[in-house]
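Start from chain A and add chain B according to the hints.
Protein chains in written order, with the UniProt record's numbering: chain A, 1 to 546; chain B, 1 to 453.
Derived by calculation from the structure, the hints in this document are not laboratory data.
Label pairs and their calculated CB-CB ranges: (1) A:Asp254 to B:Gly261: 41 to 49 angstroms; (2) B:Ser116 to A:Leu270: 56 to 64 angstroms; (3) B:Glu268 to A:Thr261: 39 to 47 angstroms; (4) A:Pro143 to B:Phe61: 54 to 62 angstroms.
Cut-off 25 angstroms, straight-line C-alpha distance, at most; resulting in silico cross-link-like pairs (DSS-like, lysine-lysine): (5) A:Lys545 to B:Lys325; (6) A:Lys545 to B:Lys259; (7) B:Lys127 to A:Lys126; (8) B:Lys260 to A:Lys482; (9) A:Lys482 to B:Lys224; (10) A:Lys81 to B:Lys90; (11) A:Lys545 to B:Lys224; (12) A:Lys166 to B:Lys90; (13) A:Lys278 to B:Lys259; (14) A:Lys81 to B:Lys337; (15) B:Lys260 to A:Lys281; (16) B:Lys137 to A:Lys129; (17) B:Lys63 to A:Lys166; (18) A:Lys281 to B:Lys259; (19) B:Lys259 to A:Lys482; (20) A:Lys545 to B:Lys321; (21) B:Lys407 to A:Lys337.
Backbone N, C-alpha and C define an ideal beta-carbon position, used for all residues, glycine too.
Listed below are the residues making up each chain.
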Amino acid sequence: MNRRDFNQLLSMGTAGILMPSLPAFSRSVTPEQLLEPGLDVAIKKRLADAALNTAKSKGATYADVRIGRYLNQFVLTRENKVQGIVNSESFGVGVRVIVDGCWGFASVGDARDESVVAKATETAIKIAKANARLLTEPVQLAPQKGFGEVSWKAPIKRNAFEVPIKEKVELLLSCNAAAMQNGANFVNNVLFQVNEQKYFASTDGTYSDQDIHRIGPSFTVTAVDPQNGRFATRNSLSAPMGMGYDYLQTNPADKLTGVTTRYNKGYDMLEDITAAAKQAKEKLSAKSVEAGKYDLVLDPSHTWLTIHESVGHPLELDRVLGYEANYAGTSFATLDKWQTKNFNYGSPVVNFFADKTQQGSLGLVGWDDEGVKTKRWDLVKDGILVNYQAIRDQVHIIGENESQGCCYADNWSSVQFQRMANVSLAPGKTPLSVDQMIKDVKKGIYIIGDGSFSIDQQRYNFQFGGQLFYEIKDGQIAGMLKDVAYQANTREFWNSCVAVCDEKDYRLGGAFNDGKGQPPQSSAVSHGSSTARFNGVNVINTARKI
Amino acid sequence: MAILTQAEAKRIIDKALSYAKADETSVSLTGGRTGNIRYARNSVSTSGEADNLALAVTAVFGKRSGTATINELDDASLEKTVRRAEEIAKLAPENPEYMPMLGPQTYLQTNTYAESTAKIDPEFRAKAAFDSIGPCKTKNLTAAGYMEDTTGFTSIGNSKGLFGYNRSTGVDFSITVRTADGLGSGYANPDVNDVTKLSTKAATEVAMSKAVASVNARALEPGKYTVILEPTASVELLQNMMFSMDARNADEGRSFLSKKGGGTRLGEKLFDERVNIITDPMNAELPLSPFGGGGGGGGGAGRFGGGSDGRPQEKVTWVEKGVVKNMPATRFWAEKKGIKAIPPPTGIIMMGGTESLADLIKSTTKGILVTRLWYIRAVDPQTLLYTGLTRDGTFYIENGQIKYPVKNFRFNESPVIMLNNLEALGKPVRAGGHLIPPMKIRDFTFTSLSDAV
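Looking at chain A on its own, in the form it has when it is part of the complex (with noise of 0.2 angstroms):
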């Protein structure tokens, strides 16, 4: 399922498209069975082993094996229904060598054996070589120091999985009554919950046991005026985070009020949902918007997706150089731009980095899926282009002899290569809140939630929505709009932002599903910025009649 379908799956209402399949390699299983131990580690090592001494002694100048459990919880409810619950995990062994130059790669499901691997591991070995007679290019892999047994865990307070399912029905369905007694008429809810339990092992010498975790609460809600007509929706201001069930905490410390709540690292879903279901109902009604020139105020709910369009991906490496070419695009972020160190993609007060090491985010993990350790970078400093994410094939292109440190595979049964690390917009480095910002734009729209977004092959231009849209005159926030969109070129986008608030405003958002590559794959990546203002961008009204 990419990141569209997800949205479609929470949008629809109709119980027979919500269901979700299971994950593809996956077996149906009960919720205790998620909380089983998997394969001691001292087994997985066997395996792993079983791999690597395979590879080399096959002629591979470099083997890497990952062992997987997958575990994934969705809880699906609407209105006063639960309409399913769907508990899978997935278990299998991917083998990737080198041999000839040339990448060969190949996986197993539930082995539990040696010579599974082992066998596994000569296919890899087979497809190396049928592919190098057509190689051109071959493989150049960056140095890597070994780690030797090393472990890491998500820092989580609370495993979902150990939550009993009823606790888990009982909040969906009260949050759904309140959005009904609070004016919906229709409530989506879902709750999605993964563990990825991935042990991974190099001919480098690392051998890395990893318990990832990640939540994502996510509903809509939806007013109907039937006399007119007329239908409204409101999404859900979560995140998905790389957190455990300790993301819903009622009445979290960390919210932000204002003309509406947001959420950082904790989320109230009976509070949001009931501000939601008003807030549908207030867009039936709502002022069109009047096409023209406006200062946008987005919120950090908002600008995550516009990060994740226009700078996460045209930076991505794999992207620049055309191997996403027939999917999911090139960039206009081209070598020659980044070599004259003067490539302005936005004005001095943006920053981008990169970050697989940001806490409560989508992409955090100890170690990538090549035995790299994970780190910060930065990608824009001071409005100026600076890097790229790469991997440990790829970093030679920029001159660099270290990997970055962001490559994923989404599965055992899938290849892993480079995927968008969590990419933020710094704060500002001067104080600076969000009431200060809206106090000083004339003319302008202030937008929180993701909404529609599109963006060309070459990331240059894109268009986007939002959930909430409040129309700013003269500093101050003069009331709900409706039918908004802004249309703007990346470069323009970015260097026409004047201001971003301070590090107490910072917040994630994030994507579940990030699709890329051929089969697709997808990918779980987060996005911090604190509110940012942008003079003079182009908006759009977006109704019509049929």
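Frame of chain A, contents of chain B only:
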């Protein structure tokens, strides 16, 4: 390869059902092989092949259902899986919208399987890639492409005597060709059941000619233009519209088919009277599975619930002379509303005329030829307004001839409005798993320019 015959599949499903103790039990057995080859920068980047065989059991007690899956088919595994589905069902919350399973059904015999596709091997895939990369290399163009072939079977059965079996094959090929200077790009995306009908070389040549012809595009002002949409351009907009026709959403007031004051727009003329849209699993060019993937009850959990409940796929007229004639509904909603429970459309056939794309161009005084629309996203579900961009070959037409390439546009348009502004329809061709005619549309709304190639 894990392609079981109908008799083998029936034996396994019957065996699994023989262990069942629940009120209702359904079994779904699927298997097959998927192979792929991917290339970029004129070089193969990955290729692979995977077999799979999976059996799923859904057990139902009252309105509680549970699904368990397995990929081993010995008797002990079958029994274990049936017991596990029953355990999961007993713990599941009640689904008030659960519908009892269907009894025996009569399914059409459709022609979805081609031996030629089933025989594809790694050598064949390598040659398909070579046939695409070779011509590009010769002309100093850069190819990036992907071919995926699938050969599989689906069999369903349940404790009420329903049984169905179908084999199918399919190949999807996409190719993007770019000029060395990055100023031109072309695309083609044929899909077939029978691989003898696919030439990766011919498809690549289409993409090559589009790439070369699209270099040095000129900028036109955004605005309303007459466009000729190739099927690759219009298919996703049409598909999105057809997938938004659900009866329940319309009844609930949250669909483009909801009526002011309540009710639906079934029976209303919403489009130009030349618009006729059907689905037909027996169509020779676009054969489809005669049933959905399940066999379980409606509204049940997991991949086997909902619309995939073993309902037969039959010929359905969705739009006739511009009038909405049918809307899909779940069995639950159909019973509640006393309407026919028509499964959601797959394999859309939009009827057209006899004219070719060239004929449509010839009859155009001023217009824009669009090869492809991309990154299409819903802007307003109320009006089915979508946004997205042209790409891989956008050309200005004047007095019946292609004059020059133009820069890509962003559009904001609704397929409902588009199908009212119809000027002409050509001969339908297969695109993205549907049969779609090239179409000429007036007043198509382009809202901004893109520098992307």
